[in-house]
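Colleague: Sequences listed follow chains X and G, in order.
Numbering-wise (our numbering), the first sequence opens with residue 21 and increments by one.
Numbering-wise (our numbering), the second sequence opens with residue 288 and increments by one.
The hints are simulated quantities; they were obtained by calculation from the structure and are not laboratory data.
Keep in mind that this is a model prediction, so the values were computed, not measured.
Beta carbons: idealized from backbone N, C-alpha and C, even for Gly.
Among the hints, erroneous ones may be present.
Stated by the list, open to error - A partial selection of chain X residues facing chain G, derived with a Cβ cut-off under 10 Å:
| id | residue |
| --- | --- |
| 1 | Ser127 |
| 2 | Gln268 |
| 3 | Glu369 |
| 4 | Thr370 |
| 5 | Glu374 |
| 6 | Pro377 |
| 7 | Gln402 |
| 8 | Pro405 |
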Amino acid sequence: MPGHRTKRFCASAAALALCALLAGCGGTGESAGGKVVLRYTWWGNPDRAERTEQAVALFEKQHPDVDVTTSFSGYDAYKQKLATQAAGGDAPDVMQLDYRQIDQYASGGVLLDLAKQKAVLRTSEIDQGLLATGRVDDVQYAIPQGRGTETVAYDVRTWKKSGVPLPGGSWTWSRWADTMRALAKKTGKPGATDPGQSEDAFEVWLRGQGKALYTEDGGLGFTTDDLTRWWTFTDQLRREGAVSPAEQTTQLDGSVENTPLGRGESVTDANWDAPASGFLALVPTGVALAPMPSGEDGTPGQYFKPSMFLGVSANTGHPKEAAQLVDFMINDREAAKILGASRGIPVNETIRDEIGPRLKDFDKTIAVYQASLEGKLKDPPQAPPSGDNALQSTFQRDYDQVSYARMSPREAAENYVTEAKAELRS
Amino acid sequence: MTTTAIPAEAKRAPAAAPKRRPKREREGAAWVFLSPWVLGAIVLTLLPMAVSLYLSFTDYDLFNPPKWVGLRNYVQMFTEDPRYWRSVVTTLTYVVVAVPLQLALALVVAMALKGMKRGKGFYRSAFYAPSLLGASMSIALVWRAIFNDGGTVDHLLGTGGWVNKPGWALLAVALLTVWQFGAPMVIFLAGLQQIPAELYEAAAVDGAGKWRQFVAVTVPMLSPVLFFNLVLQTIQAFQVFTPAFAVSAGKGGPADSTLVYTMYLYDRGFVASHMGYASAMAWVLLLVIGVVTAVLFRTSRSWVFYASEGDR
Chain X
21 MPGHRTKRFC
31 ASAAALALCA
41 LLAGCGGTGE
51 SAGGKVVLRY
61 TWWGNPDRAE
71 RTEQAVALFE
81 KQHPDVDVTT
91 SFSGYDAYKQ
101 KLATQAAGGD
111 APDVMQLDYR
121 QIDQYASGGV
131 LLDLAKQKAV
141 LRTSEIDQGL
151 LATGRVDDVQ
161 YAIPQGRGTE
171 TVAYDVRTWK
181 KSGVPLPGGS
191 WTWSRWADTM
201 RALAKKTGKP
211 GATDPGQSED
221 AFEVWLRGQG
231 KALYTEDGGL
241 GFTTDDLTRW
251 WTFTDQLRRE
261 GAVSPAEQTT
271 QLDGSVENTP
281 LGRGESVTDA
291 NWDAPASGFL
301 ALVPTGVALA
311 PMPSGEDGTP
321 GQYFKPSMFL
331 GVSANTGHPK
341 EAAQLVDFMI
351 NDREAAKILG
361 ASRGIPVNET
371 IRDEIGPRLK
381 DFDKTIAVYQ
391 ASLEGKLKDP
401 PQAPPSGDNA
411 LQSTFQRDYD
421 QVSYARMSPR
431 EAAENYVTEA
441 KAELRS
Chain G
288 MTTTAIPAEA
298 KRAPAAAPKR
308 RPKREREGAA
318 WVFLSPWVLG
328 AIVLTLLPMA
338 VSLYLSFTDY
348 DLFNPPKWVG
358 LRNYVQMFTE
368 DPRYWRSVVT
378 TLTYVVVAVP
388 LQLALALVVA
398 MALKGMKRGK
408 GFYRSAFYAP
418 SLLGASMSIA
428 LVWRAIFNDG
438 GTVDHLLGTG
448 GWVNKPGWAL
458 LAVALLTVWQ
468 FGAPMVIFLA
478 GLQQIPAELY
488 EAAAVDGAGK
498 WRQFVAVTVP
508 MLSPVLFFNL
518 VLQTIQAFQV
528 FTPAFAVSAG
538 KGGPADSTLV
548 YTMYLYDRGF
558 VASHMGYASA
568 MAWVLLLVIG
578 VVTAVLFRTS
588 RSWVFYASEG
598 DR
C-alpha cells in the first residue's frame, strides 16, 4: 500500500537525518580505508610548513598503515583555534604546544601522559633539564622539540650601506637605542619594530635588571613602575622615529610576514631565532642575527627556552601511532635532516651533534648564533602560569593605547597590572 | 427530485473513496517530516542557549569544570570593566553611522533603478552582488587590503591606511556594511513599485515638485517598508562581527577602535578563556536588541503609515 511505504520512508528519512546530526559528535581517529588517521597541527610560517610536509610524507612511507592529516596557521590564530578544539574535547591527535600552554592544557586534562608510551617514544637522548620543562606535577605531558632564544634579526645589506657599525658581541639597551636612532637617521626608516608591544622583549629587559615576569608562586614579578619605565623608554624611541610607528606596530600578529622588517619597512626585528628563518624569503638582501640587548651592567636578559613542544591528545583513539609520530619528529635522523632548525636546534643530543656541523644556510646561522651564547646566559624562568596565555595579547593591546598616544605609559601600565593581577588570581 | 439526488450521491462517492485520514494520523506524518528541523532546533539552538544561560552565571575557562559565581559576571561587566563600556559605545556609534547611511544609499539607488528603462537587470544585479558576497570573510579581507597602508584608498587619497588609524578604522568597517546595501535595496524597489502612479499624477497636478512628491507621497507610502528595513538592519548591525574581525586581524584594534560588542565577547571567550563572562555578554546583547526592537515598534506608530488605515 502506497500510504504504508510513504510512512516507512519518512521514518527512515528521519532516522537518517538524526544520524547525520549526531555524526558530528563521534570520537576522533576514524579510520579511512583501514588506515589509522592522525591529525597533526602546528603554528609556523611557510618555510616550516614545507619542511614539515616533507617529514610527514617520510613518516607515512615508514608507517604505511598511518595517514597523517596536517594543518597549520599563524601563532595567534592557532592559539585560539586549539583552545576551542581542546575545550570541545576535539583536540588534534598530535599538537604543537607553546611553553605558555603546557600548564593550562595539562591541568585541564587535554594531554596524554607520554610516559605510558615509552615503548615507542624514546626520551633518553634528550637533555634531562630540557625534558623536564614538559612536565607538570611529575607527569610528562609534552616533549620539547627544540631550543630557541631571542635574537635581533637584521637586514644585512641595508645596515652595511648605512655606515652604522654592525652589532658586535653584546650591547646594552641604551647602546641599542642609540644604534636604532643612528640607523633611522641614515636609512630613513625605523631601525626596529617597536619592542614596547612585546611581552617577550619586556621580559628580556626585566631580566637584564635581575627581575622576572612572574614570581615563583605565579604572581606578578614586576611593578607598575617597572612597566612604566619600559613603556616610557619605547614610547620616546617611537616619537623620535627610531622604532616603528603605531600604524605598523598594530599590525603585528605573530607572523614574520607582518613585521616591519618582513614588509621592508625597518632594518631589524627582535624575534625568536627559529621563526627568523622566515625573514630570508622576505628580505632578499640577506638576514643575520645579533644577540638581544643586555642590562646596563651587562646582565643578559635572554635565555634558552624550549622553543615548542609536542603533545598528544588525551582523547586520541590511537595513542601508540600518535606517540610514534612524536618520536619520529624528535628522534628520527632522516626527519632531523629535513626539519633542520625550523623548530629550533634539535633537542636530541645525538642528532644535535651529528646534524649540527651539517646544518646549512640559515639553520647554520642559528646554530652558530646559539653556540656564541652558550654558557653566557642565565637559567630560564619556570613555565609561566596559566593566566599568562591571555596576558600576552593584553600587553600588546595596552601598548597600542600608548603608541596611539591615547594613554600615558603610566596609565597603560596601571591598566595592565590591574588586569594581570585579576587574570592570575582566577 | 429524489431521482436526480441519487445519481449525484453516487457520483460523489468514488471521489470520497480515498477518504482523508483522521486528523491525528495526519499530524503524526507532519511531525515525522518536521522531525529533522525540530530536532535541529532543540539540539542546535535551544540546548546551546540554555547551556549559555547557565554558563553566564559561572566562571568557566574551557578547560576546568564551570564554577558557579551567581551574578558576578554581570556585576563585573557593568561596574568594573571599562573595555566593556568602550565596546558598547563603539557598537552604538557603528549602528548610528552604518544603518542610516546604508538605508539612505539603498533608497537612492532603488529610486534610480525604478525609473530606469534600459539595463535595469544588469544594474540591479551589479548593486545586489556585494550583498550576496555578504558576510564572507574574503570580502572583509579584500576590504582590509583596500584600506591598508599601501592599499588602493591609500594610493588614491594618500591616507596612510584607514584601518591602522584609530579615528578612521571604524568608518572603514561601517563602509563595508553600507556597501552591502543590496538586500534593503531590493525590498525598497518592491515597495516603490507598489505605490500607485495616480498618487504622483495627482500630486503633480496639484503643483508638487520632485522633492515635494518624495516627501508627501513616496516616504509615507514607503514607510512600512522603511520600517521593516530599519528593524532588520539595526538588529544585524548590533551583531556586526566579520568586518571588524577581518579589518583588525581579530584584535579589535587599532587601540580598541573597532572593538565592537561581539568582538569583545569573542575576545573574552576565546582569547582570554572567560566563557562565563562571554555568555553573560551574549545574554545582555540579546536583551538590548529586544529592547531596541520594541522601542522601534513603539515609535513606529507615529510615523509608519499603512494604506489600509486610510480607509478607516
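Colleague: Compare the structure with each hint and give your call.
Modeller: We went through each hint and held it up to the structure:
Because the smallest distance between the Cβ of Ser127(X) and any Cβ of chain G comes to about 7 Å, under 10 Å, the interface hint for this residue holds. Hint on Gln268(X) holds. Least Cβ distance to chain G is approximately 8 Å, under the 10 Å limit. Proximity of Glu369(X) to chain G is violated relative to the hint, the smallest CB-CB distance being about 34 Å (cut-off 10 Å). At about 36 Å, the closest approach between the beta carbon of Thr370(X) and any beta carbon in chain G exceeds 10 Å, and the interface hint on this residue is violated.
The interface hint given for Glu374(X) is violated, since its Cβ lies 39 Å from the closest Cβ of chain G, which is over the 10 Å cut-off. With a cut of 10 Å, the hint placing Pro377(X) at the interface with chain G is violated, because the nearest CB-to-CB distance is about 41 Å. Checking Gln402(X) against chain G by beta carbon gives a least distance of about 20 Å; that is not within 10 Å, so the hint is violated. Interface restraint check: Pro405(X) against chain G, minimum CB-CB distance 13 Å, threshold 10 Å, status violated.
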